[in-house]
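**Student:** Spelled out, the chains give:
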Amino acid sequence: MKRQFGKWCAWAMILGGLYMAPRVLGVFELNVLLGTAIFALFSLSLNLLLSFTGLLSFGHAMFFAAGAYGTVLVLTRLSGFPLLPLIGIGAAAAIGLALLLSPLLVRVSGHAFAMLTMAFSQIMYATVMKLSHITGGNDGISGFAIPSVSIPVVGVVDMALEQNFYYFAISILGLSAWVMWFFTRTPFGSIMVGIRDNPERVTYLGFSVPLSKAIILCVSAGFAGVAGSIYALFQNMVSVDGVLGPLSSFSPLINCFIGGLGTFIGPIFGTGIGTILLELMSAHPEQAQLVFSLVLIAIVLFLPGGVIMLYWKANTRWMAVRQNIQNRFFKRRIYE
Amino acid sequence: MKSIRAIAPPVTCICLLCLYIISMDIGAARAFTPLQADFSSYDPEKQEIPSGDTIKVGLLEPFSGQSASAGEISNWLLGWVVHDINSQGGIMVDGKMKKIQVIKADTATQPVVAKRALQRLILNDKVDFFVGTAGSHIAIIGNQMAEKYQKIFLNYSAYSVHLMNAQNFNRYTFRTCSTTDINARGLAYYFSKTPIRKFYILCQDYSYGQDFGASMKKALKEFVPTAEVVGEVYHPLWLKDFAPYLSKVQASGAEMIISSDWPPDSWNLMLAIDQMGMTIPVAGQFFDDPRMGENLKNKKVGLGNTVVNFHLCNVETERNSRFNKIFHERYKDNAKVQIDWPTGVVGGVIGHFYWFFDVVQRAGTLNTEKIINLWEGDTYESFAGKLTMRKCDHQAVMDMFVSTLVSPSKWSKTGNGLGYQEQAVRIPADIVMSPCPEGLK
Numbered sequence: 001m002k003r004q005f006g007k008w009c010a011w012a013m014i015l016g017g018l019y020m021a022p023r024v025l026g027v028f029e030l031n032v033l034l035g036t037a038i039f040a041l042f043s044l045s046l047n048l049l050l051s052f053t054g055l056l057s058f059g060h061a062m063f064f065a066a067g068a069y070g071t072v073l074v075l076t077r078l079s080g081f082p083l084l085p086l087i088g089i090g091a092a093a094a095i096g097l098a099l100l101l102s103p104l105l106v107r108v109s110g111h112a113f114a115m116l117t118m119a120f121s122q123i124m125y126a127t128v129m130k131l132s133h134i135t136g137g138n139d140g141i142s143g144f145a146i147p148s149v150s151i152p153v154v155g156v157v158d159m160a161l162e163q164n165f166y167y168f169a170i171s172i173l174g175l176s177a178w179v180m181w182f183f184t185r186t187p188f189g190s191i192m193v194g195i196r197d198n199p200e201r202v203t204y205l206g207f208s209v210p211l212s213k214a215i216i217l218c219v220s221a222g223f224a225g226v227a228g229s230i231y232a233l234f235q236n237m238v239s240v241d242g243v244l245g246p247l248s249s250f251s252p253l254i255n256c257f258i259g260g261l262g263t264f265i266g267p268i269f270g271t272g273i274g275t276i277l278l279e280l281m282s283a284h285p286e287q288a289q290l291v292f293s294l295v296l297i298a299i300v301l302f303l304p305g306g307v308i309m310l311y312w313k314a315n316t317r318w319m320a321v322r323q324n325i326q327n328r329f330f331k332r333r334i335y336e
Numbered sequence: 001m002k003s004i005r006a007i008a009p010p011v012t013c014i015c016l017l018c019l020y021i022i023s024m025d026i027g028a029a030r031a032f033t034p035l036q037a038d039f040s041s042y043d044p045e046k047q048e049i050p051s052g053d054t055i056k057v058g059l060l061e062p063f064s065g066q067s068a069s070a071g072e073i074s075n076w077l078l079g080w081v082v083h084d085i086n087s088q089g090g091i092m093v094d095g096k097m098k099k100i101q102v103i104k105a106d107t108a109t110q111p112v113v114a115k116r117a118l119q120r121l122i123l124n125d126k127v128d129f130f131v132g133t134a135g136s137h138i139a140i141i142g143n144q145m146a147e148k149y150q151k152i153f154l155n156y157s158a159y160s161v162h163l164m165n166a167q168n169f170n171r172y173t174f175r176t177c178s179t180t181d182i183n184a185r186g187l188a189y190y191f192s193k194t195p196i197r198k199f200y201i202l203c204q205d206y207s208y209g210q211d212f213g214a215s216m217k218k219a220l221k222e223f224v225p226t227a228e229v230v231g232e233v234y235h236p237l238w239l240k241d242f243a244p245y246l247s248k249v250q251a252s253g254a255e256m257i258i259s260s261d262w263p264p265d266s267w268n269l270m271l272a273i274d275q276m277g278m279t280i281p282v283a284g285q286f287f288d289d290p291r292m293g294e295n296l297k298n299k300k301v302g303l304g305n306t307v308v309n310f311h312l313c314n315v316e317t318e319r320n321s322r323f324n325k326i327f328h329e330r331y332k333d334n335a336k337v338q339i340d341w342p343t344g345v346v347g348g349v350i351g352h353f354y355w356f357f358d359v360v361q362r363a364g365t366l367n368t369e370k371i372i373n374l375w376e377g378d379t380y381e382s383f384a385g386k387l388t389m390r391k392c393d394h395q396a397v398m399d400m401f402v403s404t405l406v407s408p409s410k411w412s413k414t415g416n417g418l419g420y421q422e423q424a425v426r427i428p429a430d431i432v433m434s435p436c437p438e439g440l441k
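Chain order of the listed sequences is A and B. Heads up, the first sequence is in the working numbering, so the first residue is 1 and it goes up one at a time. Heads up, the second sequence is in the working numbering, so the first residue is 1 and it goes up one at a time.
Same shape as in the complex, but just chain B:
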């Protein structure tokens, strides 16, 4: 009896230790790993909606109006990641395996509509987090609502630099995409290595376009002092007729248009260049979309377009090659999607969603404060490289990639046959990143 008493404490300790190791092992076994699912069955229009106790994620995007295509793309990309994670059983949070449920909210790219949609998401649908969104003027509403209702807002596609300055920063918003400043610095650095010197700035007339124009002028001054901005104009959103603006570009003698335009404006701009018989290349973030080449008659339109992004499929990393292979296998013959390789935004945003859900998984809880604490300063190995969440302004720190559109290209399939050059140019984070905004530590 005495001997049993003597060995009881160490035996109990060993048992507890074993239980702990087993539970850790189960946790690890239940953790999701990116790109494990069978994607051949994935259809964004027929997504499975899990029932019961789920992790509710609000998707704040335009699903109606001129920019509805942006919403469709985001739904497709988020659906990809959710399909992958849910097929692996979901995420272990608060001691339970939970699947992810996406709830869509239409912004119609109008701030007031977006605000109403967000209120519905937060107060009625009771989402745990919300993600979005196309349009910096919509993202600022997201910032305000995230702070008011203390919900984490993942901003993966609003680039205006002032969104996370001292005035607009709040600790609930995290931005994983680049900023107008980062994009501009990446482009300017790239141009410093090319002979192009005459630029025309043509952007949309709202916060994002104006910020990009200002950032571009600053970056050109820093990296290409001999560059000349021969013209600068800001056009209304969802413009159909670019002819008056392109006439000005023609008269200015510019060698390259620099534009922050996103679809459908970017498509319409390329179409107008074609219709006016011009072949001037455009530099920006969204001029690599294979869908814009569809209606172009001149095979030379778009040739030389320079794209800057936080992800490109022609970035050589082991993870990216695997991702490219899986993605291409799924979409190589898909006439509906028309994007057969993960272009900049497509691949980048998928990577950022994986990062976010990985943070939630590691936090093991839906508690906002715990997720914030874990994500601040966190590092994640994405497809194209390392991402770090800067604590001072919740801005992801990343390398940028620049690529020119060429023909023929191994990356192209649709449109007028354009695609990325063989390999993207990597511009390290320490060149493109700006310091923390004034007033933020």
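Isolated chain A, as found in the complex:
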């Protein structure tokens, strides 16, 4: 009961903090926070494949890009398109791409899956560059107006204002993260873990591994698409290097490693640490990548379970200490 209360308190504090952020932080800090939240969702979507299903993807950015380009192309070509369905378009574009690729991707795992995803991502990169008259190529597409949202009673909310967009985006991102977490807690979540640990056993239990993988890929791609869609709206631009460059695929992977594989929450920590590092190094761009690489190497060597391991270790130690104190107190009470 006490633990449940603590949990609720923590959630209330997080939600309160997110609500208060625009009132406390400046526009720049708010943008950093929102950018972190977007990449956290992107990393979480990759984590569904990597931590829960054991599928290492080197090309997850293609789903992020599909979401970003899907949203922006519809926004710039169809005037008067409402904002919320635009996010849906982004998710649908990414899911469509996942459906298209799944017949090939679900039949492989391990290195082959990693290489195939990277290859498809490169094909998408080349295609976006070739279709520069549609996608803008290296220049990208920018400077589009973000549609306002009409809410009953409240009225029309101007999304060009950073504060308003923050509340809109953080709600979608939070909801998406919760849905993903819930997904891992369903019986299907157990199948995901089963595929990771022993795919033959899953087959013996009567589940189709390829079909299950296809569903997981679509779910993961859909959320990457949502992150991509919000990213494009937040940046007010989409460009090939921004959403499909090598770093776009590797940064969520690095976030998962830094945060901690095998946990749901790890990538969120990883993204946070990555953002803090990037911000600290912003004045020294020439050395930023070197420092980032050194931190990654240090984490892989000394904290192979990611920074979340620090929390688990501290928690376990604290539990042991508490138990010890309780035992002593209990014994003394008995003797008294």
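Hints were generated in silico from the structure; no laboratory data involved. Beta carbons: idealized from backbone N, C-alpha and C, even for Gly. Do not take every clue at face value.
Partial chain A-side listing against chain B, Cβ under 8 angstroms, derived [unchecked claim]:
hint, residue
1, Phe28
2, Asn31
3, Ser79
4, Asn138
5, Asp139
6, Gly140
7, Glu200
8, Ser239
9, Gly242
10, Ala288
For lysine-lysine, the following PhoX-like pairs were computed, each having C-alpha atoms within a straight-line distance of at most 25 angstroms [said to hold, decoys possible]:
hint, chain 1, residue 1, chain 2, residue 2
11, B, Lys193, B, Lys99
12, A, Lys130, B, Lys217
13, B, Lys240, B, Lys299
14, B, Lys240, A, Lys130
15, A, Lys130, B, Lys248
Covered stretches of chain B, going by a simulated chain A footprint (3 or more residues, C-beta under 8 angstroms) [to be verified]:
hint, stretch
16, 139-145
17, 204-211
Chain A is fixed; fit chain B onto it per the hints.
**Tutor:** What follows is chain B alone, placed relative to chain A:
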């Protein structure tokens, strides 16, 4: 008593007048003049960072990735001017002498990274102005952010003509460099006086390269009707292997490649020409860089390269001679920099920075609106000639200069021994400048 009262008003007036003249004199004494500092101590890597109340200037350039060299060069050039001005005490703005503080922001030549870097510059570092930038696709982000946050953006190195058309123009952006249209017209006019008639257009595949290709075809049609464009191809940015493209050039029988490529693509293109055993010259803006000659084995590669720019060290003016002398004195034996004479972009950009800070000095304030009002229509005598800021599209109006690379040359030092011809050809502004874009007055 009565007489004192009688003379009091005129005496007061005279005193006030004297005070005004003295204050004007102090202001004038405190005004900076270009090229006054001792440059022997100037090192771009050890720039002094002034503290306290400063004029904050954001430098938006790539400092990482393939084109990091462009950022290093810009930091060097801006640092030169800032070193000069700060050593003279700074600039008098809003009644205070303030030194200039440069804050670097890395674009990595990626629009999204550039946008984030700019937000940091404007919202976090609270810069007064920002300057840049390599890449027209990055400059367009600069345009948008300048308009959104109402900060002056000095664009000294993004050339795409569409950056300042009616769709993209905003009153906070000023472009002091030339445009793809101006460069193309300058080259085409120059070629009209030469026997070269077969051209191959080879440019980078993004807004700047595509604009330059289109401008070049238009200008050739206007100035050299007998010219033939025997091929046209656009390659990805940061290309390492030019062989497939050069094979096409070889097969086309072209006499000259016209390219908008900038480093490292321009260096790699010259290297590929050398490796393929070709000697075809290249015309463009960045084919005079002494650093590109370093790895060329054939002494004839690059010979005949034609360079068009808004500044060249072989332009004969009194100011330019003085500038050349100071610059050469500082860098004649500097193996690290490898640019011993102020080549086109190097000299031109330094001149443009002086112009910008001169405008701020004359405005006497950091107020954006006052600086805009002063700069619109302003005229400045730079090293190579007169610059005028056109009010309609905030585009600098200037003469252009064309020069061919020859060997031997008094201007060369490094690489395979190439340098500019003795004197550059001046092409007047009324020939190279296009009219104001449609929709802008």
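**Student:** Double-check Ala288 (chain A) for me: the hint is only fine if its C-beta lies closer than 8 angstroms to a C-beta in chain B.
**Tutor:** holds, 7 angstroms
**Student:** Was the hint right that Glu200 (chain A) lines chain B, CB cutoff 8 angstroms?
**Tutor:** violated, 43 angstroms
**Student:** Checking one constraint from the list: CA of Lys240 (chain B) to CA of Lys130 (chain A), max 25 angstroms. Satisfied?
**Tutor:** Holds: Lys240 (chain B) and Lys130 (chain A) sit about 18 angstroms apart, inside 25 angstroms.
**Student:** Please work out if Lys130 (chain A) and Lys248 (chain B) have their alpha carbons no farther apart than 25 angstroms.
**Tutor:** Measuring from Cα to Cα gives roughly 19 angstroms; hence the hint holds.
**Student:** For a C-alpha distance cap of 25 angstroms, please report whether Lys240 (chain B) and Lys299 (chain B) respect it.
**Tutor:** holds, 22 angstroms
**Student:** Return the status of the interface hint for Asn31 (chain A): holds when the least beta-carbon distance to chain B is below 8 angstroms, violated otherwise.
**Tutor:** holds, 6 angstroms
**Student:** With a cut-off of 8 angstroms, does the beta carbon of Ser239 (chain A) approach a beta carbon of chain B closely enough for the hint to hold?
**Tutor:** holds, 4 angstroms
**Student:** Does the nearest C-beta of chain B fall within a distance shorter than 8 angstroms of the C-beta of Asn138 (chain A)?
**Tutor:** holds, 4 angstroms
**Student:** Let me know if the C-beta of Gly242 (chain A) comes in closer than 8 angstroms to any C-beta of chain B, holds or violated.
**Tutor:** holds, 3 angstroms
**Student:** Can you tell me if the stretch 139-145 of chain B counts as covered by chain A, using C-beta to C-beta distances under 8 angstroms and a minimum of three residues?
**Tutor:** It holds: at least three residues are needed, and the stretch 139-145 of chain B offers 3 whose Cβ sits within less than 8 angstroms of chain A.
**Student:** Holds or violated: Lys193 (chain B) with Lys99 (chain B), Cα cutoff 25 angstroms?
**Tutor:** Answer violated: Lys193 (chain B) to Lys99 (chain B) is near 48 angstroms, above 25 angstroms.
**Student:** When I compare C-beta atoms, does the stretch 204-211 of chain B have three or more residues closer than 8 angstroms to chain A?
**Tutor:** holds (count 3)
Hints 3, 7 and 11, counting from the list given before, are not met by this structure.
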